[in-house]
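Participant: Residues per chain, in single letters:
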Amino acid sequence: MTEEIIISGFGGQGVLSMGKILAYSGLVQGQEVSWMPSYGPEQRGGTANVTVILSNQRISSPVLNTYDTAIVLNQPSLDKFEPLVKPGGTLIFDGNGLHRLPVRTDINLYQINATEYAYANNSSKTINMIILGGLLKIRPIVEIENVLKGLKKTLPPRHHHLLPLNEQAIHTGMDLIMPYAV
Amino acid sequence: MNVKDIINPANLVYEKTTVMNDTPMHYCPGCSHGVVHKLLGEIIQEMDIQDKTIGVAPVGCGVFAYKYLDIDWQQAAHGRAPAVATAIKRLLPDRYVFTYQGDGDLAAIGTAETIHACSRGENIVFIYINNGIYGMTGGQMAPTTLPGMKSTTSPKGRDEKLEGHSLDMSKLLMHLDGVCYVTRQSVHTVASVRKTKRAIRKAFEYSMMNKGASVVEIVSTCSSGWRMSPADSNTWMEEHMFPVYAMGDLKDIE
Amino acid sequence: MSRKSDEVTLMKGNEAIAHAAVRCGCDGYFGYPITPQSEILETLMEIEPWKTTGMVVLQAESEVASINMVYGAAGCGKKSMTTSSSPGVSLMQEGISYMAGAELPGVIVNVMRGGPGLGTIQPSQADYFQATKGGGHGDYRMPVLAPASVQEMADFTVLAFDLAFKYLTPAMILADGIIGQMMEKVVLPPFTPRRSEEEIRRECPWATLGKTQDRNPNYISSLELRSEEMEKINLRLQKRYREIEKNEVRYEEIQCEDADFIFVAFGTMARVCQKAVEIAREEGLKVGLIRPITLFPYPYNRIAELSEKVKGFISVEMSAGQMVEDVRLAVSGKVPVEFYGRMGGIVPSPEEVLNALKTKLL
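Protein chains in written order, with the numbering used here: chain A, 1 to 182; chain B, 1001 to 1254; chain C, 2001 to 2362.
In short, the hints are calculated from the structure, not lab data.
Some clues are possibly wrong.
Unchecked claim - Straight-line alpha carbon distances no greater than 20 Å define the calculated DMTMM-like cross-link-like pairs of lysine to aspartate or glutamate that follow:
id, chain 1, residue 1, chain 2, residue 2
1, B, Lys1067, C, Glu2228
2, A, Lys149, C, Glu2229
3, B, Lys1211, B, Asp1094
4, B, Lys1052, C, Glu2198
5, A, Lys86, C, Glu2352
Bear in mind the structure is a predicted one, so any value in this text is a computation, not a measurement.
From just these sequences and the hints, can you work out the full model?
Facilitator: Structure, rendered in structure tokens:
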């Protein structure tokens, strides 16, 4: 099994850390993992993305131009990565701020309004965990308990009291995500 | 009585420091380098730190300093002696580490390394030979060349409008917090040689007290580059160099 | 070396270098920030090795100062290193040449970015010529290692020091922005204590640690004005480079046994080509990959052997075509040698390089 994932959005949306948690979860599960961020000036406000690969075999290229799953959190990311999802693959998008929605019919489309939910519930810091929950609902590539172990590794100990909140966010995402029909 | 009767321990009034070897020096007659080398050798011997001293030689006339003083040396790229000395001292903090640099090395190409080593407060000693000219390459203009002074690249005399002003590194370095001691000396008279020796020894002692960087500038002659006899050079230095580069301590945090 | 699975961690290539340096008994790191490798200095400052192993870490005022600090530390027989990215490594060339001339061991890491000039911070492999043909002045070479994974970033830090001290030469790790920035699983090398001064005096009798009564003064220098003597030094260096060529060639082959066509690629591009090999094999194309691990010494002999039984090579690089010259030298006209590359920080995709192979060689 190999899962090639791109996660893309504005800097500050937690894109890179979402990828990192996913990678750590794979590590905890004993998988091969790679995490390749865009590291340009986009980290400081523009669009940032990260390629995460989880596999049972040695990973060859950490750089890809087609993906099994794309998670897009803003319009430029949707425009860039929708065409790069493999036929039969999955695209998950957050509807917040989008003025042009996905159009492909040969891939599985899912919408998750994590941003809207998080702001309504005063928990903007958990957007990425809500989305991760949504991903795991439809693509259960890692166990939730391993995600929590992964999260524990990425969070500094002083933030470990936030672990229950993040677990809650994962379950919220599982409830929020829904299929999107063109 | 023949010469062998005279050369015996009972008649000994002066002995060359054993830290300085007998390799014939390449320096020109009248050059200040030989005197400063001898002072370094004497101090190292008197402090009994031959096994604890590491010198960093420059590019310039002092490039061969390692041939004359029997201590461990590293020869640095042009201007980089302070960086080299920084690493040596950081890795061997119980060693005495000094750089030996001319004005081209310290005040032109190595200005950045000099200022930052000083600013970091590296516990090293800078022996800074300032003769206002590039000696090794044949008498070209240095940052320290005086206004109106002739060199092969300022043959009509240094024009400040065209070539900028003389750079007084000691005056600049004394303002840095990492520097504990800045002094300007010369070695053209017996008295000045004695004062310079005291200054270098103090700088060496400070370097082991973790007080920061010490700069001993020695205003020097360059008979060949200046196109003067050694005696005339000394007079010219007193008359022209000293008014710009005044003798004495500029900073001393005791 | 036994590697327990619980020692597996996930980290960036840059971080792996920092941790490996501390663990392999490095005495001094001197560096200056530049993207995409600043995490190395940042990681070292975070883990504060001076409190544990006593390793010195210093942010220098420039790359010029950094490499000369490495020179100073190496002159004392200490294990020292610096890291930078392309523009910074250009600034270090003088110091590297001096180290080669003075026969000083030390490690330089170049996490390459696109040039020329200030260029881009995105990955590149366009410093191949600079690294392998002697970027500084004079006749010198140095071992150049090309890691293709985070694990190799850690392993080659150890290996580069070993080679540097074995042959008394600077050694370079030539990585790129991808390898530096990506996170992968890594097993860090075991802790090796820093050498004591007695050990250094024994192993590096030339080191400037202070002249003791039992020996003559040591001096570190690359200067020798007498031509006959200077030529002797050059001959000694050249002899050593021939030894390195004889002993230290390293490469990896993937599915070359039955290959009709072979990719030649190093670092990140080798990973991309490996994926292209997988795709090609699914399509029934017999494609293989040879990945030079040492760029100096280069695996000329192995590529020459392979050229006897394949139909063609394609060198894939993030450059305008640099390593391809060495492939052509090895193949010596026996079969076609093509090139595909991207510049400016663009990383070609697996499909793209496979397509290039098909277009140019089929």
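Participant: The structure should be examined with respect to each hint, and the outcome stated for every one.
Facilitator: Going down the list of hints, with the structure as the test:
1. For the suggested pair Lys1067(B) and Glu2228(C), the alpha carbons sit about 19 Å apart, so the restraint of at most 20 Å is met.
2. A hinted pair counts as satisfied when its Cα atoms are at most 20 Å apart, and Lys149(A) with Glu2229(C) does not qualify at roughly 64 Å.
3. A threshold of 20 Å between alpha carbons decides the hint, and for Lys1211(B) with Asp1094(B) the separation of about 14 Å falls inside it, so the pair holds.
4. At most 20 Å may separate the alpha-carbon atoms for a hinted pair to count; Lys1052(B) and Glu2198(C) meet this at roughly 15 Å.
5. Between the alpha carbons of Lys86(A) and Glu2352(C) the distance comes to roughly 16 Å, so the proposed pair stays at or under 20 Å and holds.
Checked against the numbered hints above, the structure breaks only hint 2 and satisfies the rest.
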